[in-house]
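Here are the chains, one letter per residue:
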Amino acid sequence: MSLDPKNEIVPAEAPRGAKKVPAPLKPIADTVLAVLAGNLGARVPNDALDDSVADVGQLINQLLERHASAEHRKQVAAHEIDQAIDALSSLVREGDLSQWNTTTEDPQLVPLLEGFGKVIETQRTFVREMNEAVLRLSSSANQVLAASTQHETSSTEQAAAIHETTATMEELKHASAQIAENAGSVARVAEETLGAARAGRGAIGEFIQAMQQIRSDGVAVADSITKLSKRVERIGTVVEVIDEIADRSDLLALNAALEGSRAGEAGKGFSIVAAEMRRLAENVMESTKEIKNLITEIREATAAAGTAADASKSATESGEKLGAVAAQAVEGILAGVQETSDAARVINLATQQQRTATEQVVASMAEIEDVTRQTTQASKQSTGAAAELSQLAGRLAELNKRFKAD
Amino acid sequence: MPSENVLEVIQAGLLTPLPRSPSFLLGVTGHRGQVIPVMDILRFLGKGEARVGSRTRLFLGTSGSYTVGVVADAVLGLRRLPVADILPPPVGGDAAVEHLLGICEGASPQDALALLNFPKLLQSARQRAVVR
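Heads up: the protein sequence lines correspond to chains A and B, in order.
If you're matching positions, the first sequence starts at 0 in numbering that gives the first Met the number 0 and goes up one per residue.
If you're matching positions, the second sequence starts at 0 in numbering that gives the first Met the number 0 and goes up one per residue.
Heads up, some of the hints might be wrong.
Unchecked claim - Not everything, but these chain B residues come out facing chain A in the computed CB check (under 8 Å):
1) S2
2) V5
3) E7
4) G76
As the list claims (entries may be wrong) - Which chain B residues stay away from chain A? Per the calculated CB distances, all over 10 Å, these:
5) Q10
6) P21
7) G29
8) E48
9) A49
10) R56
11) L77
12) P81
13) V82
14) A111
Think of the hints as simulated: they come from the structure by calculation, not from any bench.
We treat Cβ as the ideally placed atom computed from N, Cα and C, and that holds for glycine.
Please put together the full structure from these sequences, using the hints given.
Printed below as a string of structure tokens:
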């Protein structure tokens, strides 16, 4: 218990006063001195006083009674104030707002304590709301952080994807350039093929003409062979006649020789002549035999030639047919090559357009990549800020935890 | 054939076969108004048979009052032979040998000649035809 020094009652004048007190008043003075010394329960004993001062003693006692009760009230109030100060200091020290339930009996202190209670109640509500707000803030900051992190990750992934896409588009550009080149060479080759096929068509036309010439020549050859074989037949007939004549001459000469031999010595010369004639006929017959052999050979040769001519005719006919088929095929090839050439040209054009488009896409992708890089940067910053925010929210929550509202 | 037995050499014309005649008698043919029988010596001697074509020769052989056409494979010609060169036919052998007059050796084995005994041939032919 600490009292203000001004309020302290110092019995400094007691010895001086005591020297002046007359004897009848001595018990009164002693009692007052004891009260001043701190013994509030001290009273002037009634029996120790004279009747003259008994009333004064009575009054003094009443006064002392009042003083004691005032002192008591003052002590109680000081005690309650001490309690309140204790509670406040502990409130300030520990932040515990829930412990405030200080009461008083002193009507003068009631408004003060009630005011304190109201302030603390307001503070408690405030802390409670702040707690809630901090919790929300923390969770929101966490959400923001998570979202921002996710955004950062996704934007990084997006950047990677865009990078890959750009690389792919580059490859596509190269590939389309390659395709354009290939299509160009295909068109060139198709043009060459077209020229070659045209030359082939001309050559086939000439071939067919030559085949027709060969066929007409072959027909002429077959005619000649037929004529030749007819002539040879006629030669054979003539030779047959000659042979017949020679045979008869032989017989005649033989019979003449017989007759000559029958005539004896006189027919000897006749016989010799007949024998000569016979030899002549035999020579003729030998010659005709050779001619016949030759004719047979000629016949065989002409037959072979006729067969060969027929074969040549059929061969040239099939050659003509094949030539016609080849011409048709070459026509088909020409048409196909023409189409191929056109298609290759179209492909070339389309791939060139594709290349241009791809270049535009590549440029756009580069811009997108740039933007994405900025976005990534921004989202990184945003993530940092969100992390800081989250930290701050945590710190705020930590700070707010010092105040216990409930 | 000795030339005294040969009248003429002719070409085989149309042969008219005779019914119920021996197989060696091929038929008859006409020559200068005469009907002449034609025989095949090869069949007669049992040495195969002659083929008759348009060029086939017949010689008209004669013996006594008979004239017969004989189918010849070929008529080689006339040859003058000294009688001294004619050798007797070989002894034994088949039926052909008994109708031979003799044989004559030439310079080479191919030139060797067999001389037909035509009168005997004709006689035995007539006998065989009658026997039938």
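Going through the hints against the structure:
no. : hint : result
1   : S2   : 5 Å, holds
2   : V5   : 6 Å, holds
3   : E7   : 5 Å, holds
4   : G76  : 7 Å, holds
5   : Q10  : 6 Å, violated
6   : P21  : 28 Å, holds
7   : G29  : 17 Å, holds
8   : E48  : 23 Å, holds
9   : A49  : 18 Å, holds
10  : R56  : 8 Å, violated
11  : L77  : 5 Å, violated
12  : P81  : 15 Å, holds
13  : V82  : 15 Å, holds
14  : A111 : 22 Å, holds
Checked against the numbered hints above, the structure breaks hints 5, 10 and 11 and satisfies the rest.
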